[in-house]
Amino acid sequence: MIEYVNHRSNPGIDPTLHLWGWEIPVYLFVGGLVAGLMILSGYHILRQQWDDERTRGHYVTAPLLSLALLTVGMVALFLDLGNKFYVWRLYLTFEVTSPMSWGSWILLLVYPVLVASALLTLPESLPRLARTFPILGRTARALSARPGFAHATGFGNIVLGVLLGIYTGVLLSTLAARPLWNSALLGPLFLLSGLSTGAALLHLLSHLHPRPDRDDGAFTDAVISAMVHWLRPPDATGQGQRKLEHADNSFLTVELVLIALYLIGLLSSAAAHQQAVGLLFSGPWAWTFWIGVIGLGILLPLALQFMQAERWIRSTIVPALLVLAGGFLLRVIIVYAGQESHWFMAAQ
Amino acid sequence: MRHAMVIDTRLCVGCMNCVVACKTENDVPDGFCRDWITETVRGAFPHVRLEIRSERCNHCANPPCVYCCPTGASHQTEGGIVAVSKEKCIGCKACMAACPYDARFPHPDGYASKCTFCSHRVAVGDDPACVSVCPTHCMHFGDLDDPSSEVSRLLVSRAHYTLLPEAGTRPHLFFLT
Ligand code: SF4
Ligand code: SF4
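Line by line, the protein sequences give chains A and B. Residues in the first sequence are numbered consecutively from 1, following my numbering. Residues in the second sequence are numbered consecutively from 1, following my numbering.
Pulled out of the complex, with its shape left as it was, chain A reads as follows (with noise of 0.2 Å):
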């Protein structure tokens, strides 16, 4: 028999660490979304240039959701920082070998980024700004003439959307002393489950449908015209709808994989990686995770979304919304559960 006894009672430590709470996963989940919505986006930007009209509704709002979203996300992030008043200090240097400083200069890339793609899709999706300020019409109108502009805004996208997708996941990685995140497989999974929410989140906003011909003022037609564009694409078919639930289904099986090797991998490590791994087969992590992500965030969507394009059901906004809460749940199990796990429980 081994009996442990530790004389010291750190709060926010022992005993277990629990540091981190809601502002981190709402960090992940937001950065995640966004990098799904930008790597989806970035690709009908760059689309357009072959293929004008017919994918042009679905790209042009993602920007400025994406711009409100992640400020969401940064914001919880500040909520998080204990010296708020030194987050400029990230700003003094680059640290080669730290997930977090890579992060905060993807963050300072993203935004203008960002805003040169919502710029260039303005008087699409907020005509009456681009009305009331002409400024921005004309910049925008300038910008969307030059093929190059557009080229470069959507491969910046892309590629930012997948370093952001990918560095919360490493990020998490790295942190040597919890085994349950030590995979490198954290990082595709977060950037796949990144993508399945992004894309389901443009189906959910497919499925609201304003009046067309309302015409209510610069903050309704900011709000409604953001939506519209992702819900009327030119040939209001379904067909865009239809490619999104093709799309996120592509996804969310990658994404399948993703955590079975995930697990797979922790499984066949050492003891520690093991016992981690153990928070999510028993205990009160269990359950939400095989139930909650996989169950109702994975697999009943991908089965509810394969009948939908194949027109045996009605389309919904069901799937999408568990999508989006799965995706969530595994942002909340792997940050509160890999907090809870320790190289210490192996080795006593």
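In short, the hints are calculated from the structure, not lab data. Check before you lean on any hint, since a few could be wrong.
[Stated by the list, open to error] Think about it this way: if two alpha-carbon atoms lie no more than 25 Å apart in a straight line, the pair counts; the simulated BS3-like pairs of lysine-lysine are:
id, chain 1, residue 1, chain 2, residue 2
1, B, 23, B, 88
2, B, 86, B, 23
3, B, 86, A, 84
4, B, 23, A, 243
Following the hints, put chain B with the ligands in place on chain A, whose structure we already have.
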């Protein structure tokens, strides 16, 4: 110069003088500690073995807490002491999540805090506060690069171990058995 601490688990009685000395010397906030005592009991009565250890930051030679710090606040100083510059620390807590020994804690003022090996005392040639107050003299502090130092000689002559060597951090706290 490579600072290290050698702690004799055969002498430590768990009196916690080191804990109190550290709190006083370093003005550690209420409810927190930079060093602490652990007890491990192995076996069943009457065949039992009790081991008591005074633990703190291991001032690892391969410190994950330093590598993950986004601002460079966590760093290694000359002599291998792992330190935090509180005026650079944003309180992101990555270093605390990265330390396999949970040796760091969030100071109520927002920055990351932990054992400094009493670098302010070491700079003027004194031992860290915990070492200097230990009534059983179970702790030794010195330079590993100097083969004639007390710590080097103890490590040559006595069996010892480090905590969680499998985590790959190369700790510089050695426990004599
Ligand atoms: S014990 Fe922890 S805080 Fe100290 S140097 Fe090692 S990893 Fe860093
Ligand atoms: S809490 Fe401070 S010392 Fe620790 S990683 Fe963050 S900035 Fe660096």
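Are the Cα atoms of residue 86(B) and residue 23(B) separated by 25 Å or less? 18 Å, holds
For a C-alpha distance cap of 25 Å, please report whether residue 23(B) and residue 88(B) respect it. The given pair, whose Cα atoms are some 23 Å apart, holds under the 25 Å limit.
Within 25 Å, alpha carbon to alpha carbon, are residue 86(B) and residue 84(A)? Distance ~13 Å between residue 86(B) and residue 84(A) Cα, so the pair holds.
Would the hint linking residue 23(B) and residue 243(A) be met if the CA-CA limit is 25 Å? Violated, at roughly 63 Å.
Hint violations for this structure: number 4 only, all remaining hints satisfied.
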